[in-house]
Amino acid sequence: MKTIIKELRKKNKLSQEELAEAVGTTRQTITSIENGKYTASLPLAYKISHYFGLAIEEVFDFSEFEEN
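Each residue of the sequence shown is one higher than the last, beginning at 18 in our numbering.
If you're looking for bench data, these hints aren't it; they were derived computationally from the structure.
Possibly wrong hints are sitting among the right ones.
Straight-line Cα separation of at most 25 Å, BS3-like style, residue types lysine-lysine; simulated pairs [what the hints assert, rightly or not]:
1) K54 <-> K19
2) K64 <-> K28
3) K28 <-> K54
4) K54 <-> K23
5) K54 <-> K30
6) K64 <-> K30
7) K19 <-> K30
8) K19 <-> K64
9) K64 <-> K23
10) K64 <-> K27
11) K54 <-> K64
12) K54 <-> K27
Generate coordinates for the entire structure from the input sequences, incorporating the hints supplied.
Structure below.
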C-alpha cells in the first residue's frame with residue numbers, strides 16, 4: 018500500500034524511530050510501511066494519521082482496494 022509517511026516525516030524532521038515511538042510501534046514497522054512491504058493495521062494507520070493531523074485517506078492510498 019502506498020503512503021506519504023516518508024514525506025510527512027521528512028517535512029516534520031522526524032526520524033523513523035521518533036515516529037515509531039510517538040505512535041507505539043517499532044522503527045522496523047515504520048520502515049516496512051514506508052517501503053510498501055507491510056500494511057498498517059487500522060488502529061496503527063489511525064495513530065499515524067492522527068499524529069500528523071490528517072485523515073487516514075490523506076496518508077494511505079486505498080485505491081488498490083476499491084472496486085472497479
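Evaluation of the provided hints:
1. K54 <-> K19: OK: K54 and K19 at ~10 Å, within 25 Å.
2. K64 <-> K28: Within the cut-off at roughly 18 Å; holds.
3. K28 <-> K54: holds, 22 Å
4. K54 <-> K23: holds, 14 Å
5. K54 <-> K30: Holds - the C-alpha atoms of K30 and K54 are around 23 Å apart, at most 25 Å.
6. K64 <-> K30: holds, 18 Å
7. K19 <-> K30: holds, 20 Å
8. K19 <-> K64: Roughly 17 Å between the alpha carbons, so the hint for K19 and K64 holds.
9. K64 <-> K23: holds, 15 Å
10. K64 <-> K27: At roughly 18 Å apart (the allowed maximum being 25 Å), K27 and K64 satisfy the hint.
11. K54 <-> K64: holds, 19 Å
12. K54 <-> K27: Satisfied, since the Cα-Cα distance of roughly 20 Å is no more than 25 Å.
Taken one by one, the earlier hints all hold for this structure without exception.
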